Amino acid sequence: MRGGLILLCGLVTSGCYGASTDVVAPTAKVPVSLSRAVHDANGSIVELGEREVVGTFSYDTTVWSLAYGAADLHGTTDISEAINAQVGEQGGDAVTNLEITGKACGWGMVLGFNLLPLWPGCEYIEVRGDIIRVRRDRREAAR
Amino acid sequence: MNTQSTPVFLLAGLGALCATGCRSTTVSYPFCPAPVYLSKVDHVGDPGSPSRETERLGALESRILSSTSTVDDDTVEVETTPGELTADLLRRLPVGDDVHRGELKLQSVHMSASAWLHVGTGQRATGWTHGTVEVVK
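Keeping their order, the protein sequence lines are chains A and B. Per the numbering used here, residue 1 is the first one in the first sequence, and the count goes up by one each step. Per the numbering used here, residue 1001 is the first one in the second sequence, and the count goes up by one each step.
Hints listed in this document are in silico derivations from the structure and should not be mistaken for laboratory results. Owing to the predicted nature of the structure, the values given are computational and were not obtained by experimental measurement. One thing to keep in mind: the hints can contain errors.
[Claimed, not checked] Derived pair list, reagent style PhoX-like, types lysine-lysine, alpha-carbon separation capped at 25 Å:
| # | chain 1 | residue 1 | chain 2 | residue 2 |
| --- | --- | --- | --- | --- |
| 1 | A | Lys29 | B | Lys1040 |
| 2 | B | Lys1040 | B | Lys1105 |
| 3 | B | Lys1105 | A | Lys29 |
Same shape as in the complex, but just chain A (with noise of 0.2 Å):
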């Protein structure tokens, strides 16, 4: 019976919940582009022609809130780092269509338990794009 009062209760006040964060890369070494278009040092675009896709960006993680997603966990993502290390891999020189993705996970949608304050939201963040290089010369002549 009493357990029976707790879901009810659960079913028609709880409220919000999820969690929400800032993704920056301040530090990349190279262009993050969410478009397909990027510079060369003379200000124009490097056209499709001049550059090969070299490898694809890829960058996961999840973010968490408490207090129906009023105090986050993680205000800022840094994805510099990871930038860094994939375009040096694949000796790329940009990052172009740059996706991000966020997505709401279960966690917080169990019933009953999400009425609590410390009961954790969360986010999936999924990052996706073309890490390309540009043809080398086309980067000797715009120099």
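Dock chain B against the given chain A, drawing on the hints supplied.
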């Protein structure tokens, strides 16, 4: 399985089931002809070379949203497509051939996901981009 712990597992299983249908949102500008930089580095080449001079045209605040709700009220919102997001951005850039002189420098991409349970259930995933619209001098 202990009969007293059964409800806990049932509730956890229900939560996991909900998670499979969680809404997601993606921030990207796949159709934009101008660069949208998240990095401070704004061109390919020698990282030691000076950055190009740019002139600030204005601030950028755009929002992408994916939401659903079974609650029959005004909380149901429309999903924003990457094409709509790019179109919003293009209105702030130089027109014609000059569009390639434009670029966007983002300070951050804010991602947020939430879900709520009242009489029904609802979920929302949002993304905001904060930055400046600039043009190469």
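Here is how each hint holds up against the structure:
Annotation: proposed proximity of lysine 29/A to lysine 1040/B holds, straight-line Cα distance about 8 Å (limit 25 Å). For the hint pairing lysine 1040/B with lysine 1105/B, the CA-to-CA distance comes to about 8 Å; that is within 25 Å, so the pair holds. Proximity of lysine 1105/B to lysine 29/A is assessed by CA-CA distance (about 15 Å); at most 25 Å being required, the pair is judged to hold.
Going through the hint list in order, the structure satisfies each hint without exception.
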